[in-house]
Amino acid sequence: MPRKNFHIVLVASVVIAVFPFVWLPLMSFFSDWNYPNILPGVLDVQQWKLFFSGQQDVRHSFLLSLAIATTTATLSTAVGFGLARTVSFGSRRKQGIFWSLLPVTISPVLFATILAFYFNVAGISGTVGGVMIAQLLIAIPFSIIYFTAFWTPRVMHMEQLAATLGSTPYQTFTQVVLPYARPFLLVCFFQTFIISWFEYGLTSVIGAGQVQTLTLKVYLYVQEASPSLAALAATLLILPPALLLWFNRQYVFKPLGV
Amino acid sequence: MMEVRNLAKSYGQQPILRNINLIVEQGKTLAVLGRSGCGKTTLLRIVAGLISPDNGKVLLDGKDMEGVPTHLRNAVYMNQEPLLFPHLTVRQNIAFGLKIRSISVQQIQKEVSTMLEQLGLQDHADKWPDQLSGGQRQRVSFGRAIITQPSVLLLDEPFGNLDTDTRQQMQELFLQLTRTYQTTSLLVTHDLKEAILVGNETAYMEEGELYFYDSPAAFLADPRTGGASELAFWKQYMNNNI
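From first to last, the protein sequence lines are chains A and B. Numbering follows our numbering, with no gaps: position 175 of the first sequence is 175. Numbering follows our numbering, with no gaps: position 48 of the second sequence is 1048.
Be careful, since some hints might not be right.
[As the list claims (entries may be wrong)] Taking CB as the label site, the calculated pair distances span: (1) A:L102 to B:D1061: 47 to 57 Å; (2) B:R1101 to A:G123: 18 to 28 Å; (3) B:Y1011 to A:L239: 22 to 32 Å; (4) A:A78 to B:G1226: 49 to 59 Å; (5) B:R1101 to A:P153: 19 to 29 Å; (6) B:R1101 to A:F117: 51 to 61 Å; (7) A:P169 to B:Q1080: 47 to 57 Å; (8) B:R1101 to A:R92: 50 to 60 Å; (9) A:Y200 to B:P1069: 45 to 55 Å.
No wet-lab data here; the hints were simulated from the structure. All C-beta atoms, glycine included, are put in the ideal place defined by N, C-alpha and C.
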């Protein structure tokens, strides 16, 4: 590719990548943009005022999404970490990985449709708990697959070495395995948080319209043709992942020299 | 002191260890020579408590180890790889075994400083494992094991990954440390020279059976150890070339 074209492609790629981070927050400050105007009308902080005063659904959705994603990420990281060890060091590693891959390979909406029947019977459809369980059914398998790359024979040998040095299983876990796994745990938490945070298909089917997460709200506002509210919700939607990305870069990848 | 009585282990129909009996006196090293797959590693792992025997007993300092978990045996198992804990510095790695025994900080600092000096690693104390050479990592690994004053040190071809010079230096360091700390050791290797240099006693393992020798000469003379053929080779080489 000629140098000039390369620069054009590079600049275009950067613009495309950065555009949503600039445009969406900007859009959230326009409260009046009606057809057929090409540009938005009034520039104000009305939506944000309402958000911070708590008079808007979007704030509730933001906090709800934050709670669901944090809980899902914490639980799936912890459970996946333990289960991946069993899968990796067990005699049926291949079967374990196969069954873990299964929910991840099915489309979330299809998976949700299958689950919906059982969730209805159990009476947890349309509840926050039901949505969380449904999301865990996706996030935990992801976490197991992710951590099978961590639980290598080398880690097993380190555990055994620590034991021969006199370390109890608890000491080995807290003083050898956990510190060694710290960057892996943080990355997995980040990934599963993102899975939960942006989850749409499962949440809309299992939530049955009763659990309005921020992702669902963005779609709702777009359908309602409320661009400023949609922009506000979308801005909030990209905020935690952006913060987590920065945190990972600062505290996970930098110390690793990545 | 370490003693093994009538130790046996099979995997399925395949016997790995057949009626092994051995005694290693306090402060001595038994070097076991054997080819890959002869059962050497299984023997070490059973003594360490990492796997269970089908039959037989392991006694450490006179105590029967049956049912005693690995962390209470005081038998340190060292692999071919140094396996330093990557999140700990050299000093912290060496201190690991003392720290988990809740020894006072002052005592740990004193013992670790002495060990660092003996290992010749004073200037590397605050480095991370990935900043060390292969030989330095193996030194730290030795220090970390010996500082805990184990009942027995189990060495599974610990110098196998090192170049010839470093290997020789490590063998000398091993002898010096085990003499200083009076460490009882069981070392398995497939290197004939190493077995003779490092072991106070030597044995040969084949198909799960252990053979002992009265002297290094008897060990070398046994055709199974390969000593005689090695000697013959060098003799012939010297005659032909020098």
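Hints, verified against the model:
Evaluation of the 47 to 57 Å hint for A:L102 and B:D1061 yields a pass: the beta carbon distance comes to about 52 Å. At roughly 53 Å, the beta-carbon separation of B:R1101 and A:G123 lies outside the given 18 to 28 Å, and the hint is violated. Here the CB-CB span from B:Y1011 to A:L239 is close to 56 Å, at odds with the stated 22 to 32 Å. The beta-carbon spacing between A:A78 and B:G1226, approximately 53 Å, falls within the hinted interval of 49 to 59 Å.
Evaluation of the 19 to 29 Å hint for B:R1101 and A:P153 yields a pass: the beta carbon distance comes to about 27 Å. As the Cβ distance of B:R1101 to A:F117 is approximately 56 Å, the hint placing it in 51 to 61 Å holds. Distance hint check for A:P169 and B:Q1080: the Cβ-Cβ separation is about 25 Å, which falls outside the suggested range of 47 to 57 Å. The supplied range of 50 to 60 Å is broken by B:R1101 and A:R92, whose beta-carbon atoms lie about 37 Å from each other.
The hinted range of 45 to 55 Å is satisfied by A:Y200 and B:P1069, whose Cβ atoms lie roughly 49 Å apart.
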